[in-house]
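4 protein chains.
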Amino acid sequence: MSSTFGRLFRAITFGESHCKAVGVVVDGCPPKMALSESDVQIQLDRRRPGQSKLTTDRDEADRVILLFGVDSRMTLGTPVAMMVHNKDQRPGDYGEMAFVPRPSHADYTYQMKYGIRASSGGGRSSARETIGRVAAGAIAEKFLRDVYGVEIVAWVSGVGETSAPDPDESAVTRAMVDDSPVRCPDAGSAAAMSDEILAAREASDSVGGVVSCICRNAPVGLGEPVFDKLEAALAQAMLSIPATKGFEIGSGFAGARMRGSAHNDPFVRKGGRLGTRTNFSGGVQGGISNGEPIRFRVAFKPPATIGQAQSTADFEGNETTLAAKGRHDPCVVPRAVPIVEAMAALVLADMALIQKTRQA
Amino acid sequence: MSSTFGRLFRAITFGESHCKAVGVVVDGCPPKMALSESDVQIQLDRRRPGQSKLTTDRDEADRVILLFGVDSRMTLGTPVAMMVHNKDQRPGDYGEMAFVPRPSHADYTYQMKYGIRASSGGGRSSARETIGRVAAGAIAEKFLRDVYGVEIVAWVSGVGETSAPDPDESAVTRAMVDDSPVRCPDAGSAAAMSDEILAAREASDSVGGVVSCICRNAPVGLGEPVFDKLEAALAQAMLSIPATKGFEIGSGFAGARMRGSAHNDPFVRKGGRLGTRTNFSGGVQGGISNGEPIRFRVAFKPPATIGQAQSTADFEGNETTLAAKGRHDPCVVPRAVPIVEAMAALVLADMALIQKTRQA
Amino acid sequence: MSSTFGRLFRAITFGESHCKAVGVVVDGCPPKMALSESDVQIQLDRRRPGQSKLTTDRDEADRVILLFGVDSRMTLGTPVAMMVHNKDQRPGDYGEMAFVPRPSHADYTYQMKYGIRASSGGGRSSARETIGRVAAGAIAEKFLRDVYGVEIVAWVSGVGETSAPDPDESAVTRAMVDDSPVRCPDAGSAAAMSDEILAAREASDSVGGVVSCICRNAPVGLGEPVFDKLEAALAQAMLSIPATKGFEIGSGFAGARMRGSAHNDPFVRKGGRLGTRTNFSGGVQGGISNGEPIRFRVAFKPPATIGQAQSTADFEGNETTLAAKGRHDPCVVPRAVPIVEAMAALVLADMALIQKTRQA
Amino acid sequence: MSSTFGRLFRAITFGESHCKAVGVVVDGCPPKMALSESDVQIQLDRRRPGQSKLTTDRDEADRVILLFGVDSRMTLGTPVAMMVHNKDQRPGDYGEMAFVPRPSHADYTYQMKYGIRASSGGGRSSARETIGRVAAGAIAEKFLRDVYGVEIVAWVSGVGETSAPDPDESAVTRAMVDDSPVRCPDAGSAAAMSDEILAAREASDSVGGVVSCICRNAPVGLGEPVFDKLEAALAQAMLSIPATKGFEIGSGFAGARMRGSAHNDPFVRKGGRLGTRTNFSGGVQGGISNGEPIRFRVAFKPPATIGQAQSTADFEGNETTLAAKGRHDPCVVPRAVPIVEAMAALVLADMALIQKTRQA
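Residue numbers (the numbering used here), protein chains in the order written: chain A, -18 to 341; chain B, -18 to 341; chain C, -18 to 341; chain D, -18 to 341.
Looking at chain A on its own, in the form it has when it is part of the complex:
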């Protein structure tokens, strides 16, 4: 079950880094939705390696192929499958890692869990698995946009010691985000972040970061009490992305330091509906969307695979030194932006379908 996400709008990702292809089956997408490969490719292009000097220089085109579930550019209501070929397989780069588990990587735990693991690459723990997420998320997002006008925009709000000021969350767009290769809409912060990443790369090191995300125009009523609260589903979705260490919605950890009188979001009339003056809740009350923008942040650790030599132990427990070869991202957050958007879209689409069951 662990490769399946969602209840009614379901994504089942498949494939591994060093096999022929990765992809996804989307089960539950409503029928008669216009869909073509370009709807998906646009987000895959934002995820692909080799986009800029800030990412790995492995250059992979990652062209999506729509396998079935779509006829004459319309969804059939039956499962949609998409595949991306793995172009640049370099099993040779991983030779040493057969004996030495990479610190803070999945090598050791996969071996212990299954008693066996893929002989090269990270198997299912590979970041290439996220291609399937991004492809499925693009479909979910199209559904949300077509039906509800939902807009989902994520951006890099932190890299290492650099934190960017919040943009105007009612106005920030993907175009603004993509203005800098680091995907931070604040130009000054973007430059500093870029410097941090290049410095880490220079040092054969890596650096962590934070991705913020806003979902505008999500309808009121998404999220299921008790255990499938919207923030709980988002938290699961985000912490399922490789390299994530934290999630906060609305006020988040800062909210834990506040008093209720300051934190409560007073209701006000907004056009024909009830809105809130502030949005410390992050668009969610009692686990259910309230019509305000859904705001959350995701912490990413620095990538585990670094060129710098590290003292560690091999599988036998013998001390050794490991210096990763291969071409790895010094920082994942620029490429994580479309992944965060995709997972947010998958959560909202699933919750929107569930909520439809309550309509007259």
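A couple of the hints might just be wrong.
If several chains are the same, the list does not tell them apart, and a pair holds so long as it fits within one copy or across any two.
Straight-line Cα separation of at most 30 Å, DSBU-like style, residue types lysine-lysine; simulated pairs [what the hints assert, rightly or not]:
#1 K1 to K251
#2 K251 to K13
#3 K68 to K251
#4 K13 to K306
#5 K13 to K337
#6 K68 to K337
#7 K34 to K306
#8 K34 to K251
To be clear, the hints were calculated from the coordinates, so they are not data collected in a lab.
Let chain A serve as the given structure and place chains B, C and D on it in line with the hints.
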């Protein structure tokens, strides 16, 4: 489905604040496990209202009744059900709230989601729902303790502006935690936290906080790639607790500011197994437990229901002022400690059962 | 998971024969549906023991109590729970069975599966578990009737060697069915069936039977390809009822003897829609309802617990003789009629909610 | 969710008749199991078209390709995917059917359910979908055979008016079954069945049939009360196969005509375990396997697509005549044998994994 948590070790909570009882059905608990009401009552006593001046002074005994699934103090393998009667129903206290949705509470979103809501109390959004979680968690915890020796200890690490230093995570116990009513094992911090809570109560206000948790002796191999990573399941579990705003595992948001060379946890031989020198990973690598303590933190916002008058709008959008009556907690974190432990236990028990399917 | 039925419209039954109560939690019932205990009681009265000389003479009133999820006779959209107290607990009747597993009963398999079993009664295998099904089904049925005008009518079409001719499936009602205690709408067959049952009782024996069911006015489009076809879901539902041995839809096993030219149901215009001239399909094509009546049959074996002495072996494998004490049904089909209706309603309600997700 | 079968041992089939490929993802297969393509191909060869004059003469090799999840012929514990290319796509054959829904086929219901359908072929209702089932089932079966010694053998026991006598269920093998192209181990019946099928083909007609199945050496304890009883899971599995109309286990519908004293299976000592003298239960008591052979039968209707002209209506309701072109099976049961075996294996493997969670 939203009242069900888990896949193999399942908790289905039931009941509402202002009905006769709340409770839980636990489906999937292994057979032939010794179990009696006292195993469950001990954690319910730590959750119940009226424990100290720091909590609501509603005094509810919350005695658990084991309904079935246990015979001669042994589990049968069939569902176990437990119930707690609601002693202190005061629907009258909520009169005004029928017309004015409480800011940052579930009143508005439940009404919008369902077009109807419970005429008094918070319905399923009530904190009394967590009684079922704590009861189910106590069973999960007993299973984990009996079979694997797992120890789960949560404590209050922050209240408002006060943050406590980390205790020795290899040694902290529930007894140390319960030494202060605020449930912070650091005596100095506990006193400051207690002052913050009392000051908030004095001001008819509320204050947020942070609960930290450690799970020791969890076996290696728990957590399912891709979407059911251990940290993803924990994140969902924690963000499903009312009033939570954030979750971080291991280094968390602080890890996003680090470099890989500092953040990576080098492997070292620990007795007969491979361990790590540091634990920025928080006991999880690639979504799978690595045998190190599982460490995470949960942010709780200040309770929404406060006695202070707040400017807000009624359901019609008319400006009004709301001052909650009734006896509400000025800060939830002292009572949230056993809830966090319960949800952690439910996640680990479920993952442990799934992992059993891989054993020869 | 095994006590949960359904995906969106979910029933979770609980309780055992010899504990205080049995019942059900219904999760996913749409909000704002009028509901009171009498909507449920009417079907429980058709299921209860002691209705006639054809059933066990244990007299249990089986009064349903609505615990929560309903406010001012309207569903809240949150889980609905219902409970029936166990009035007539007679653990003493089962003494001998502690050592001798009843042939063709669950005693042996529960013991082997769990290594333990309830010390009296059948635990979760008890027919009293079906009270929860009937209660949940009554809610599902009310939803289907209110929203779509669905009519579900089951009847006894076979007892032992007696088979009844098919009634007019477009017209048969529950009132016609209940005209005879055996619940066969054909008076002549009903008399013969009644004789067969009384003869079996006289002989301290039991006898099997068949329940037929028709669901009229089910909307077109229910059922999910590939694995959740409507007939697959119905088959699971029916074979989950205790004592069932077979299920057939439409032509069933007789259809296996036919040629396609005779079996195919030609399309014809029926009012504003497309219907079929014949209904060998049983209202389902390709796993999806086609708007014609859904017709199926369920085989029930003779009850395993009989008063007659049987040669068998005890748990140790020693030959012995067993003659059941207690008051057991000589034939289950008259009381199984509302259970079959309930399970059909649960399937259709679940499928109807899923299909709602495809509506514009 | 509807393309996913199973809970722990999961098969997710994908693809349509007239797209490039069909296949399956198997999630939950235990790690370190020897597996190669030939383990799967052997069953696909028994399912493929063009095997004999009794089946469609479309000749498709249906070579399976193992995409990932296996490394050096060992399962990794991560999802296994397999694919079969569609060689013989003939969309042109279906031209007329765009306007006239085939009687008793999925054309009409798919169109009504989704408001759209695949422009050629049957989309997901195509029998080619079952390739994924057979491939997944072959893996499940290998797991069951390697770990428990389970043997699953299905055969054709009825075609049209011909019914075969039961073989010796303790001895019948696939080799005996495959001795005749019709896959009936009784030579005389096989000849008669063959004649019936050829006569139907000659008449541009089709004919139904029955597949029987036996599962030997299944461990005691498989099946989950209440709703996931073994027979309920098998019934769902079998009724999810295209063209099925009925399922019966053990005595089945014949059992409904029996008395308890004759139907009950007395316990006897069998070697070191408790067995039963007769097996009217079909290897299942109280929804749980009892160690005796699991016996069941599945009814298949005559294929809907026939060459004979049929009077019917088009989508508009206008009377018309339809005579299917293309090369279709006159009878599905010879090729359904491996599909029934596959679905049985998927059910048993899933139940076996669930039962493992109860082992010490």
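Item to complete: Would you pick out the hints that fail for this structure and give their numbers low to high?
Response: 1, 3, 6, 8
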